[in-house]
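J.: Put the two chains together into one complex; each comes in its own frame, and the hints tell you how they fit.
These protein sequences, in sequence, are chains E and H. Here the first sequence is numbered in the working numbering, starting from 1 and rising by one per residue. Here the second sequence is numbered in the working numbering, starting from 171 and rising by one per residue.
The hints are simulated quantities; they were obtained by calculation from the structure and are not laboratory data. C-beta atoms are modelled at their ideal positions from N, C-alpha and C, and glycine is treated no differently. Warning: the hint list may mix true and false statements.
Looking from chain E toward chain H, a few residues come up when the C-beta cut is under 8 Å (computed) [to be verified]: (1) Glu59; (2) Ile63; (3) Tyr113; (4) Ala116; (5) Ala124; (6) Arg148; (7) Ser154.
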Amino acid sequence: MIARIITLFAALGVLAACETAPNTSGDAAGTGASSSTSSSSSSADSSGSGSEQMTITDELIEIGDRVLFGFDSYELTNEAKSTLAKQASFLAANPSVRITIEGHCDERGTREYNLALGESRASATRDYLVAQGVNPARIKIISYGKERPAVIGSNEDAWRYNRRAVSVIN
Amino acid sequence: MMCSSVVMGAKMERTWALARVSALATLIGLIFSALVSTLALAQSNDVITITEGNVEPSPIAITDFIGPDGQASEIGREIAGIISDDLEGSGLFRPLSQAAFFNPPQDASVAPDFADWRPIGADALLIGSAYYNAENMIEVEFYLWDVLRGELIAAGSGSVSEIGKRRISHQIADVVYKKWTGDDGYFDTRIVYVAESGPPEKRIKRLAIMDQDGHNHIFLTDGGSLVLTPRFSQEVQEIAYLNYFNDNPNVYLLDIQSAKSELLGSFPGMSFAPRFSYDGKSLIMSLARSGVTNIFVMDLSTRQTKQLTNTPFIDTSPSFSPDDQQIVFNSDRSGSQQLYVMNRDGSNVRRISRGKGRYATPVWSPRGDIVAFTKMYKGEFYIGVMNSDGSGERLLAKGFLVEGPTWAPNGRVLMYFKQNPTNSDGSGGESYLYRIDITGFNERRIITPEGASDPAWSPFLP
Chain E
1 MIARIITLFA
11 ALGVLAACET
21 APNTSGDAAG
31 TGASSSTSSS
41 SSSADSSGSG
51 SEQMTITDEL
61 IEIGDRVLFG
71 FDSYELTNEA
81 KSTLAKQASF
91 LAANPSVRIT
101 IEGHCDERGT
111 REYNLALGES
121 RASATRDYLV
131 AQGVNPARIK
141 IISYGKERPA
151 VIGSNEDAWR
161 YNRRAVSVIN
Chain H
171 MMCSSVVMGA
181 KMERTWALAR
191 VSALATLIGL
201 IFSALVSTLA
211 LAQSNDVITI
221 TEGNVEPSPI
231 AITDFIGPDG
241 QASEIGREIA
251 GIISDDLEGS
261 GLFRPLSQAA
271 FFNPPQDASV
281 APDFADWRPI
291 GADALLIGSA
301 YYNAENMIEV
311 EFYLWDVLRG
321 ELIAAGSGSV
331 SEIGKRRISH
341 QIADVVYKKW
351 TGDDGYFDTR
361 IVYVAESGPP
371 EKRIKRLAIM
381 DQDGHNHIFL
391 TDGGSLVLTP
401 RFSQEVQEIA
411 YLNYFNDNPN
421 VYLLDIQSAK
431 SELLGSFPGM
441 SFAPRFSYDG
451 KSLIMSLARS
461 GVTNIFVMDL
471 STRQTKQLTN
481 TPFIDTSPSF
491 SPDDQQIVFN
501 SDRSGSQQLY
511 VMNRDGSNVR
521 RISRGKGRYA
531 TPVWSPRGDI
541 VAFTKMYKGE
551 FYIGVMNSDG
561 SGERLLAKGF
571 LVEGPTWAPN
581 GRVLMYFKQN
591 PTNSDGSGGE
601 SYLYRIDITG
611 FNERRIITPE
621 GASDPAWSPF
631 LP
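Excised from the complex, chain H in its bound form (with noise of 0.2 Å):
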């Protein structure tokens, strides 16, 4: 049973231009050092080794936005604490307590003086304004100043309805994010995943997408059916999960907008582990049938599907590289789960993963030759990351169980479930969402309102 009732008004009047100040706007490289450290569990004979990394983050100053009086605006203030939130969130920074401000802006489109900044340990600061005007749209202006060189590094304007307010203010947090460190910021997103509530031997899950702090949070299904593994296209508005409607497990696709699943095509058997290419055109998937999983490719628009690989083994979790010419995938053909690699015709298969365990759920990096996965070795589970040719594997993360990584889409950020032990007593058994860098550090929880699973990081948001 779909649910029609989500309304997904993600409408923004958004007249929101990024003014880049040319002239004065100097890129600041990477400046907070990424120290990784590593931590060696051993266990009987085995190192495992998770990697852990310590980042020293940047303090940042951010004042409450101004209205036109020159005083902090409600809406102001809202929007910085949405901005202070993404970055603090992110370990790259490290916002300093407003008390020690000593001379807030009136105008935030006055160059400050720096001598208020500099005492207080403030390697940058955010400034800007934000009110409502006769029409009652926000009315936001940024600027973000390098204290310590006393330069501008980057300023921009926008206006939005009410409804857009938490999404403009991650778009200054994603400008300030980029500005420093270099990398395209990722708190302009959003995450589908799977909400998860009732006793383990009938759980009751139900589609669910959030912005990525957890906000905005609404169920896209009722929880009818049995669904699992949603995954984003490229195009943002469609999601590819897997849906039990009325007992046949078959691939669906979801229209956000309006809410709406469509049967995926007709297959004797079960299809599953659905991923869209990048380009938007095909999706992979696998197709099991009379106890054999294989992998096929379906073009979008004509609903043609071509089998890729041809084995009596498990082949799944296909996966495109960002290029959409390689697709990485998990099989058994070996005796237990291994990665492999192969053109995306099928051929050229290669077997990537070469360490102690079984390896699953691989996903492509969005931003290149990276392939994280999920790991299985003496009765635990880790999420890690190994290029796409199989070397420098890192284990990231660690637990009773953690599946199914998730790229945001700067390729700098994983996100993941992790579930603990259940009881016998059916206690126990809950599953959260995790998100954490990929220098294996930072690792926090995603605040959902139940219990939650099978995240799918959106790309980056038109």
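Extracted from the complex, chain E is given alone in its bound form (with noise of 0.2 Å):
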């Protein structure tokens, strides 16, 4: 369980970086996680050992599988439109890729609305993929409302990570 948790923190923060990276900030943080994404990277591309499907969805998560959303919000951000028109550049480089975008919430909701509010952010992310020319029947939707937190925890911290919106390959 421990390891389990350090290795999602450990994808958050080269989440981080992603949503980080097109602001012109430049401070630190963007500049230590993006060149921890391009070694990751590459050392993917010359580990011949993992399977194909491994390294596509690999590299997905570098790009960026996942956008973060306001409290009670599907509203896309401008970070969230920048790791998308990343997915939407994969998804071209990689045409026979089909996803599935899972729409999460925070637990701060009631069940019932959270499940129609994932289904408005996994939707807003695939019309966004669409709209960058991805063609829709190449994704389909799931709302798991609060129901799936990638983040354990009860605070501002796990409740920013868990409102979100991730591609997963098929």
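T.: Structural data, given as structure tokens:
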């Protein structure tokens, strides 16, 4: 369990880098994280042992497989749009890949409303990818509401990362 | 994956006849007096008031039911214990210690000597007999006496197989509750809910059903797919719920007897938030598609659906009024979650929630124009009730997360679930069922084998 949580936070670190990279702030965190992205990317390329599926999945995670939302919102932020532009390029470069977009919420809402909100988040994410030229037939969406948190904990940090839409390769 | 191994053997051979002793019966009105006090919790400049009732419970003497030999029988002790637990658990009765009884009856059908019962402070006296007959059926008889007036209030007899012993006990407790409070009892009812186990990020959720006191617990699904929000039909044998079978979340109907589930129509998008109409002919639910969630009603005989709301917002959690003429629901059309009422055809939509915060999960009382709801305000969750025109809001329970009230069929008790905060190491986060009197007193946990959420209270059982 602890190992898994650490892995998850590592992935989130990459995610945060992807979200901050488009900004011109150029702070130390962004620089450090982007270098870690390129290094792990090259290690993925050089490792011949993993299956191709794993490599593609790793690649999607590295460019940013998820976008985050504000509280009770399904509006895509500029950071989210930037991530989705990369996802669209990734999908263009991998035309056989089909994805499911999972819409999720934090635990600070009621179950049924969150199911709807998760659907709105997944839909907004899909719509943006489609607007970037991705064939809608390649995208399935599903809402999990508050049922599948990515980060465990009842605090703002966890809730921030749980308000998300995640693209998962089928 | 539906679980097929569940057997709901609730078919009781029941020859239950409640003999109303009309000549003697005196309906005692509301003996207990609900003294409602209010506890104000100041939060910065806002004041949130939780209603906390205080009730003086009625003292009642419940003797162990006796066998043909005039002595307490083992089954008689068991039945008296179930009745006593029911009445005590309601918060409206205080069963007296049997150690104080001077002269327990040796013939239940003979009027007791009230001089034996008045000194120990009993307002009510319940005596009875219970024993196995030659066919191994349990013969049960009971007499409820008003000790102060020296009058018989109710009496009845019945015959049940072993499997029916808890149920007949609940039915006797219901008679006592009704005679003493004027309200129908809720002890002979059941709860369907979601049993939870495993870590938060991949919680296993199974439908389970149990008596309202937690006994006769049975799992209805095997955890192979995520299931949420079960709701009883008025016919009791059917449950509508959300199932993520094959990663396609949709509303299913579960037949309790056969434990078989059936997909309720195929829609573009996700169907969820089901509830039956009171006449059992329709099911109302939400459909989410392309970022928009609206409310639809389905005729259960033709399976035809009709769209009731058509907005670019989230409209969900619909619930019928007891006459099926109106629907209360949750919408964020004003910018945040609020409660709305519309006519059953979708016309005449009006907002009813007017307080501060967000409102969700409205459920119309089976008894009248009251709506129970979940409220979120300043980082806290509340369970509350308001009149269906939005007036008279009262908050009954509060917590880090309290959600999803469901009404006992007598409209007097609410059940909901309460979840604790989760720690970063994955500990905490427990979720359990609680019930509370709508005067805001007597909050009690329902003991379940594992974590629990999404309770739904059955109607009165046939």
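J.: If a hint holds in the structure, say so; if it does not, say that too.
T.: Hint by hint, here is what the structure shows:
Annotation: Glu59 of chain E was flagged as interfacial toward chain H, and the flag is violated, the nearest CB pair being 23 Å apart, outside 8 Å. Interface restraint check: Ile63 of chain E against chain H, minimum CB-CB distance 23 Å, threshold 8 Å, status violated. Below 8 Å, beta-carbon pairs count as interface contacts, and Tyr113 of chain E has one with chain H at about 5 Å; its hint therefore holds. With a cut of 8 Å, the hint placing Ala116 of chain E at the interface with chain H holds, because the nearest CB-to-CB distance is about 4 Å.
With its C-beta approaching chain H no nearer than about 6 Å, Ala124 of chain E sits inside the 8 Å limit, and its interface hint holds. Using the Cβ-Cβ criterion of 8 Å, the hint placing Arg148 of chain E at the interface with chain H is satisfied: the shortest such distance is roughly 6 Å. Evaluation of the Ser154 of chain E hint against chain H yields a held restraint, the C-beta minimum of about 4 Å falling below 8 Å.
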